[in-house]
Amino acid sequence: MKRYLVFLAWLAATALPVRAAEQVTSFTLDNGMDVVVIEDHRAPVVTHMVWYRAGSADETPGVSGVAHFLEHLLFKGTDTLKPGEFSERVAANGGTDNAFTSNDFTGYFQRVANDRLEQMMAMEADRMVNLRLSEADILTERDVIIEERNQRTENSPGALMREQMNAALYMNHPYSVPIIGWRHEMERLTLPDALAYYQEFYAPNNAILVVAGDVWPDEVKALADKYYGVIPANPDLPERVRTTEPRHLAERRLIMRDARVAQPYVTRSYLAQERDPGAQREAAALTLLAEVLGGGVTSVLSEKLQFERQILVYSGAFYRGVSLDRTSFDLTVVPVPGVSLQEAEDAMDQVITEFLETGVDEGQLARIKTQMRASEIYARDSVDGMANRYGRALSSGLTIEDVMAWPDIVQSITSDEVMAAARTVFDRNKSVTGWLMSDTEVSK
Amino acid sequence: MIRFVLTIVAFLAAVPALAEIKIKEVTSPGGITAWLVEEHSIPFVALELQWRGGTTLDPEGKTGVTNLMMGLLEEGSGELDSRAFAREVEELAASFSYRGYRDAVTVSARFLTENRDASVSLLRKSIIEPSFPDEAIERVRGQVLSIIRSDLSDPSEIASQSFNRLAFGDHPYANPTNGYEDTVAALTRDDIVAAHQAVMAKDNLFVGVVGDITEAELGAMLDDLLGDLPETSAPPPTRAEVAFEGGTTVVEFDTPQSVAIFGHEGLKRDDPDFFAAYLLNQILGGSGFDSRLMTEVREKRGLTYGVYSFLVPMDHAELYMGQVSSANDRVAEAIEVIRVEWARMAENGLTDEELAKAKSYLTGAYPLRFDGNGAIASILVGMQAEGLPLDYVATRNDKVNAVTLDDVNRVARELLRPEKLHFVVVGKPEGV
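Protein chains in written order, with my numbering: chain A, 1 to 444; chain B, 1001 to 1432.
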């Protein structure tokens, strides 16, 4: 029983490493737009994506959610496309399209037959600079994003607690603000707010084009030059400098009570080193550490607390290394009935303490590395997955070389490095612990 | 508008040919049949096994047993306990997943060419010789109970379970696949062993294989892996009657956004009108941003983040369903708009232009489904379970294109029953 549905959303956010095989080509257009081509000629299909190096953490204070709001508004028409016509045309081509916003990036994609690539590029290039919005469009769409927040966050106690935990983990950095926005600020977002963000960040020299599937690099280069290459760079593109965290001197603890909670749990987030260009070893060690501690039934937490002491129904450790700034290392424990959250948390801490003393089991580390090496083979089965990895990494401050080097770096990490990373990351002063419980529960 | 219509005509003429997917039927020396697509460019195999039956085979009072059984297959076999089994899977860098659905249980596996024999041998242990140790039963039971409790706090899950109870009354379809707290708590090891024998047999098995393997290799593998399954599975349940009439049922739950699931009777997958209904649904509330429901409820009024309708042909009943989520003070309006659109479609049907649009999308999107070995293996199994022929992939788009406007609009009148549409609303809806 590996699946534990409640936590799937967190698992999905964990980045898997990928081997950049020969089929990846990259180049930069004259205006500064980066291009990555990933070839997979098994089926005549292509995924066309544009990633902007701009996400919620690049917003101006006070307009939280505007990056995501703008993402919705990009479907509302340009000089040549009516509102909604973008997606209509993709569908008329038998394609699917959508978009996504994160802390560090905003991305748009279409999946179509490969002979439709040119039309997708023409439309995506058009909305990079020619967006035309009316006041009416934005009012209705603001209601839509508030309903989206209702669906994703307000209706889920776990999602609400995650928001509170991020706000406590980051004391000065914009990762403290939810990607979708704080509701009271979303309700007041305006057309000028959205356009200001658009004009500041949507430009070819702030974008990455990823084309993956049954295409050839020369053909992509010619089309990219024709459609994206003619858009002037934005000379005023700001440098991506964000406020940084002060020293963290005190652990933070949250207790969230919500009548809707039927399964209480404890979760802890530690501030953690991210993957940086040319410096990925600590992040690679943390990636392995998460697997060692909480990656499945053979992991340390599961072994000690689900099998030996049998006081948890579930345990997990999560780390996402692809992030422009400091990321988090997260632990979650779900106690069996009759075991309190305090007991579950104490047991978790005891396991961590013992682990820091005894160290990594070399056999376990070797098995995890074997799986990671195999995941590079399996990853080649999903060209979309490959496209996402490159887009995500490049829009989060990494280079193609970093992505290509990553699998070998992970394989080269020693148990000493895993333990050194563990000793650094498990600093309670840099952590937030959250208890999620129903409002009738007694916190012992 | 003229430009748009003309463009569509051009697209229809230019729908791309499907990548050549050569499906072969392979029968093992021992008589087990599989559908195979050879794909040697990546050194691994995706294997999909599906047994018809699923959680509907749970005996009376044992609701949840099939799901618990599936969760226990990887928890020990012979001398291997849960952790030893998991360590072997890790060493081989294979991946096995076991799932229980209403009408089927599935095992999805992928393994590297270099470890194929050892991986198949390990997978066999879990499928043929699971030991169901008591320790594992208690631990996994605890996990299932935890999931059942968590579902009680998820408005979508509450809506779905409430809808099924209303729709299906005493039939097993009324039950959640995970079971109930009391039935799961009472399950014994004997119940689990019986469930294993009831659902995993040869006479209800479908096999799809895609990847780095030849016909001859597959034949031998099938016998090794599946040859020792029992011959026959438990008899299927009787047909389910869809019990409810039109109306609205509110399930009070204190949460800011109401979740509504709605539906009435649908039609069978092998109904001659299925493609007409499929095209109809694409325009009414299918995928994409430009369905009528999305346009009216989201784009024009901002009442929701998403609203969809979908055909649900099951083995023993058919539904036509939909879902929407909207703030408690706005959900009444969302429901009203959906009812109006349902009735408008029943009365007036589609336009020629809408039908062309739906055909263009569905035929163009079909090849995009075949993206990767795992996805294709699932499609192969689905085709067999639905009784489709080997050449279906090549003819499917012709069937879509053959549907006429008269067909679709007749089906709209027959299938859509605005007066029968029942909404289950979970939340604190105002004015519902």
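These are computed hints drawn from the structure, not numbers from a lab.
Values in this document were obtained by computation on a predicted structure and should not be read as measured data.
Among the clues, some could well be false.
Label pairs and their computed distance ranges (CB to CB) [as the list claims (entries may be wrong)]:
no.: 1; chain 1: A; residue 1: S438; chain 2: B; residue 2: T1238; range: 21 to 29 Å
no.: 2; chain 1: B; residue 1: G1247; chain 2: A; residue 2: R326; range: 38 to 46 Å
no.: 3; chain 1: B; residue 1: E1138; chain 2: A; residue 2: E354; range: 20 to 28 Å
no.: 4; chain 1: A; residue 1: R253; chain 2: B; residue 2: A1185; range: 31 to 39 Å
no.: 5; chain 1: A; residue 1: H41; chain 2: B; residue 2: E1231; range: 42 to 50 Å
no.: 6; chain 1: A; residue 1: L356; chain 2: B; residue 2: T1188; range: 53 to 61 Å
no.: 7; chain 1: A; residue 1: E200; chain 2: B; residue 2: V1340; range: 36 to 44 Å
no.: 8; chain 1: A; residue 1: P277; chain 2: B; residue 2: Q1197; range: 55 to 63 Å
Here a beta-carbon is modelled for each residue, glycine too, at the ideal position from N, C-alpha and C.
Evaluation of the provided hints:
Range check, A:S438 to B:T1238: about 40 Å between beta-carbon atoms, so the 21 to 29 Å window is missed. Our hint of 38 to 46 Å for B:G1247 and A:R326 is violated, since their Cβ atoms are close to 53 Å apart. Between B:E1138 and A:E354 the beta carbon distance is about 25 Å. The supplied range of 20 to 28 Å therefore holds. Checked against the hint of 31 to 39 Å, the pair A:R253 and B:A1185 passes, with Cβ atoms roughly 34 Å apart.
Range check, A:H41 to B:E1231: Cβ separation about 43 Å, and the 42 to 50 Å hint holds. Roughly 42 Å separates the CB atoms of A:L356 and B:T1188, a value that falls outside the hinted 53 to 61 Å. One distance hint, 36 to 44 Å for the beta-carbon pair A:E200 and B:V1340, holds here, with the actual separation near 42 Å. For the pair A:P277 and B:Q1197, the supplied restraint of 55 to 63 Å holds, since their beta-carbon distance comes to about 57 Å.
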